[in-house]
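> Here is how the chains run, residue by residue.
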Amino acid sequence: MAESTVPVLAASRLGKRFGERVAVDDVSFEVAPGETYGLLGPNGAGKTTTIRLVCGLLRADAGEVRIAGTPVGTTSTAAKRRIGYVPQEIALYPDLTARENLRFFGRLYGLRGTPLNRRVGEVLELIGLSDRATDRVESFSGGMKRRLNIGAGLLHEPTLLVLDEPTVGVDPQSRHAVMESVRSFGATGMAVLYTTHYMEEAERLCDRVGIIDHGKLVAEGTRRELVAKLGERDRITLSAAGDLGVLADRCRDLAGVDRADVKDGEVQLLAADGRRLLPGVLEAAERSGLSLRSVEVDEPDLEAVFLHLTGTALRE
Amino acid sequence: MFAAFVIAAKDLRQRFRDRSALVLGFVAPVAVAALMSFAFSGVESFHADIALVDNDRGQIAVALRGALTGPELSDVLTVRDAADDAEARRMVDAGDAGAGLIIPAGFSAAAVGDKPIGLRVLGNPDEPLQAQVARAVADAYVAQLNADRLSVTTALAAGFPESRAAELAAAVANLQLPESVQAQPTGYRQLRTASYYAPAMGIMFVLFAIGFTARDYFTEQRTGTLERIGAAPVTRGVVLLGKSLAAFVYSVVSLGTLAIVSSLAFDAEWGPPAAALALILAFSAVLVALTALVVAIARTERQADGLATIVTFVLLLLGGNFVLLSQAPEMLRRLALLTPNGWALRGFTDLATGAGATSAIVPVLVILGMAALLGTIAAVVGQRRPA
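Those sequence lines, one after another, are chains A and B.
According to my numbering, the first sequence is numbered sequentially starting from 1.
According to my numbering, the second sequence is numbered sequentially starting from 1.
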């Protein structure tokens, strides 16, 4: 009974500062068994620091992390045994073979003898590198290294798999492979904590998403829940030649427009009903003396949620 | 604890797979030690030919000749008899003898008389070392003789019959100075250059390990593998223990291999194996402490590299790895004792010259003390380091 009610990961009021800079500020969230939880935020938002606190790599200034009820600390090992950590970098030894790398990390988690050999074989099979097991990692392609990087975190069959931006700098094919793998982990009942600043990954993979910005968890929930917080707003993107600031100001004055900003050479509007607003937007453009190149109306998504909550585009 | 061995085994596997580390740890020390031994082999094979002129023919002159031709000096000294001073000078000038020693007439009688007579040394400017040896021998013998004269004079003053003075002189001639100053090394065998340069070069090359061990640490930090290890259920202490263990084993294996190879190939003397091993283990411990200090102070690979280079070369220059310390100036010999490698070389030299295994106790204790001190400093500095 207790097993099903205790979250795999419970982060409670976490805080961490480096000197004067607050990296993580009062962050709390939980991840249930079998759930894939996405920590979404731009670079420097505090995702990696949060991950490092979760994995016991940093000592929290405030709050605590529990893995299946066991507290995590920099010196405690019981909780760490349940975590599989996949860092953002390719954290492997290039002068060792794929098998030697996996055996090394497996041994660190207490695997030995037959169970170690069995798991190494299974993981090599899972990541599709059985035929390259005895090759040195330095001879691998970027995608193969990325797969092995994930495989090293799976050896000890963790309760919680923590992936820190595993697709950064990865080619589209490898990225797809990584995402398929993560999707399959969730299906096996493993809880996954996944950080990314790619919106589409969070939308495709995660059961729930926590949006983090400037060290704070500003919103949390399923995609549907987060979009609901926006009041079902649409996003209208206008591309035009001329002074976009004037256009944004005129659009901001239109009834039904909640927000108008200039971003990346475009005007982005948030509105309750984008389609009904279009005539007014076109008129505003004409009055501004601008010729519109394109107009796009998007259904609300996580990026819109993020823009609404933080006033910042996610990829900045 | 098992994790520490796992980390050490991984580090060693990488180290031994790296050809440059193999060359630095095993090939280079043997090659350079062989080269140095060959280059300085003249120092150990020193031999003096001395032309001896006995114008006295008395008991004490005979005793002096006996001392010069005795077994203790036979390895380093050959006495060639010359009929007179002129022949001795000719032999020295012609190079048939490196130096000449002339015992003047009345030398034995002077031993019991009031007027002392000195020995004369003939030198060849081309063979200064041989003249120096001849002078040293003469000085030592005259010092002995003066002691004997003092004994005879004291005996006569105490009422010993003067008619038996010659008998007394013969008796005191067999006496030895009760005290003598012994220079380091403490052993009784001559130090062979191979016996010095084998450990000296071995130590030099394992000191280079400070640099690449520290660099490896920062490489692991940069590539994220260190963080990944930290995420595993191992404490930071175990990680450091594993890395230290690898550096320690590398040093022990490197020096141990050099000891075996140099003993077999170059007849280098390492002394009693247990004592030599104790010195190797102690020095490997201080190597770990030095590496930890460099890692604790440096912030980047480049800093670690620079700092390790400075530490290594300062230690090598002060510790006497490039010169035979026993022939070095007093100042350098004193400075060497401020370094762990200087103490290690002192220990190895004593063992190589036949001093017993116990002669290694002090060097081992001093080196371990240095290791403890450096390790403590490294720990304190490391603790203050921001995460």
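Any given hint might turn out to be false.
To be verified - Chain B is faced by these chain A residues, among others (derived, beta-carbon under 8 angstroms):
hint	residue
1	CYS55
2	THR75
3	LYS80
4	ASP95
5	PHE104
Hints listed in this document are in silico derivations from the structure and should not be mistaken for laboratory results.
A virtual CB, placed ideally from N, CA and C, is assigned to each residue, including glycine.
> Identify every previously stated hint that the structure contradicts and give their numbers, smallest first.
Failing hints: none at all.
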